[in-house]
Each structure stands twice: as C-alpha cells, then as structure tokens.
Amino acid sequence: MAMAMAINSLSSTVALRHRCPHALSSVWPRGGTSRVLLGARTNSQFWGGIKRQFNSATITQAALQIDLVKCLVDNYAYLLHDTASGTTGIVDPSAAGPVVKALKEKGLSLDYILNTHHHWDHTGGNADLKKQYNAKVVGPRADQERIPGIDIALRDGETWMFGEQLMRVLDTPGHTRGHVSFYFERSKSLFTGDTLFSIGCGRLFEGSPEQMWISLSKLTALPDDTLVYCGHEYTMSNAKFALTVEPQNIALQSRAQQVKELRDKDQPTIPTTLREEKEFNPFLRPFSAELRKSLNVAAAASDIDAFAAVRAAKDRA
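Reading the sequence shown from the start, the letters are residues 1 to 317 in UniProt numbering.
Check each hint, because a few of them may be wrong.
Said to hold, decoys possible - Taking lysine-lysine and the BS3-like style, the derived pairs with C-alpha atoms no more than 27 Å apart in a straight line are:
1) Lys-293 with Lys-240
2) Lys-131 with Lys-106
3) Lys-240 with Lys-278
4) Lys-104 with Lys-136
5) Lys-278 with Lys-218
6) Lys-101 with Lys-131
7) Lys-278 with Lys-260
8) Lys-218 with Lys-240
9) Lys-130 with Lys-106
10) Lys-278 with Lys-293
11) Lys-131 with Lys-104
12) Lys-278 with Lys-265
Calculated from the structure, these hints are not laboratory results.
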C-alpha cells in the first residue's frame, strides 16, 4: 500500500522501452530513500532524487548517479556515475549506440562495463564500448568464458570498488548458471539482471526452481528499502499474470493500476523496492494461501514446490 502511494506521487519520470529474447512481460516502478524531484510528493520510504534527462531518468543516492538507458525494445542498461571519483560504468549494455548517446549527453567517458550474465541482450554492446572507451569488463567468474571481453571476474561474496562505491557480488543462478547480481551498499541499489523483475522473475533456462528460489531468497534478505534495477520492462505483463494467482491482494491491485497508468504514458516502472516486491510479487510469495489455492498447491507443500508451480504457470501464460 505504501508503495502504491509512492508511485501515485511520482508525477515526473522518463520513459524507456526495451526488449529481450525471453521477454515475459513489460513495464516500470519506483523506490528509494530520499525525495522525488519535479513536483512529486516527498516520501521518505522511496526514491532518490529523480530528474528528467533525454533518454533516461536519473536517480542519485549516496553520490551514485544512476540513469536508465533505453536499449532494444524493453531492455534496460544502467549508466552509473560515482560523483566523488568521477568513475563511470554501464550495467548490461545490450547495444553500444544508446550508451554512447547517453555518455555524450552527460559529457562522460566510460571506465567499466558490468555484466550480470552472458545473454546477448545484456552483453551485446561490450565489444564496441570496450574498443571505443578502453573500458574494462566486469562479470561473474562462474561464467567468465561466456562474458565477451571480460577483464575482472568476480565470485559470490566478493566486494569490488567502483570508484568510492563498494559493490558486493551475489551469485544468483537460475536464469543462467553463472548469473550474478550487483549490490551497492551505500546507495542501497541492487542490479538484478534477469533474476528478479518487478512482479516477476526470470525464466529458468539453465537452472532449477530450487536454485532460483535460493537466489531470490538471497536478494530479499537485503534491506527492504533496497532499490531494485532489473534488466527489462516486464511489469505490465507480470502484473496481469500475478492477478490471476492472487486476485485479492490489495497491494497488487493498486500496483497493477499504477503500472497501467505509467505505461499508458510510456513511463518506466523501475526501480522498485524489495519492500514493495514482497507485498505483491507472486514469485516471492509461495507462502500465500490464496496463491496456493489458485495453483492447486497443497498447504503442506514446500515453498520451493509452490514457487515451481508459479514459475510453471507463468511459463504457460
């Protein structure tokens, strides 16, 4: 409910639309800990400062500027800029062109390319960006043989300094076997690639339901006010599916309406927060009696079994 109020208060965000070969849905949210600019109501539970850019919405938290960059049809790449050190990076660039445009608009160069996993729609811009800016590629050690141009391979639990920003690496397999998520502790910003979406999660291309459930549980153990930046604008289709398995969820109903309003205006639904996702994301709610009843999952069944039923139902949707 709190989330719903926050989104309704967001009067000025920027549209970014993208696409993925395994797309399941489409849309965008909010989240944060300071205030929303451009006339939106201040809400201490959500949003860092947001201001209009050309093809992105800028959020600044703890000296880390984050811009949503439109790529392909519903992909998001994220331009990161540590204002203290001047370090600049891009998360999951599916194509070089939109990233180069965003860098030029901001007068920035590029130091690092961060990849959550190897799929082409998250790494397609690596080669051109590395060549043009001599940027270093950072990615998962578990999947380094499939990350184009990788220079820095990191494993689960390791920390790495992005300028003056401490980044923690979390192994989150399920969508792919080597998938990772990046957590910036000071800014409470989490880049989840195709593991966690707003009101959804990624397809299990290379992993099991148990692996994905463990990965999602690892992410939801982070602070509730963590901002979630996922790889795609899938929220609209995710919301439609979620309403079929938990139709009486008031927070979900409110969120679905907000998502529709945002997408009708071609505005993003990302970032969201972990607090919000726990309220209405069916992949994080296998304990829900209503959800289990909708999917004919026994009350005594494990959360993993219930999660698997949700994933299977979404795959059929």
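Results for each hint:
{"no.": "1", "hint": "Lys-293 with Lys-240", "in the structure": "18 Å, holds"}
{"no.": "2", "hint": "Lys-131 with Lys-106", "in the structure": "20 Å, holds"}
{"no.": "3", "hint": "Lys-240 with Lys-278", "in the structure": "17 Å, holds"}
{"no.": "4", "hint": "Lys-104 with Lys-136", "in the structure": "19 Å, holds"}
{"no.": "5", "hint": "Lys-278 with Lys-218", "in the structure": "13 Å, holds"}
{"no.": "6", "hint": "Lys-101 with Lys-131", "in the structure": "16 Å, holds"}
{"no.": "7", "hint": "Lys-278 with Lys-260", "in the structure": "20 Å, holds"}
{"no.": "8", "hint": "Lys-218 with Lys-240", "in the structure": "26 Å, holds"}
{"no.": "9", "hint": "Lys-130 with Lys-106", "in the structure": "19 Å, holds"}
{"no.": "10", "hint": "Lys-278 with Lys-293", "in the structure": "19 Å, holds"}
{"no.": "11", "hint": "Lys-131 with Lys-104", "in the structure": "16 Å, holds"}
{"no.": "12", "hint": "Lys-278 with Lys-265", "in the structure": "26 Å, holds"}
The structure fails none of the hints (numbered hints given earlier).
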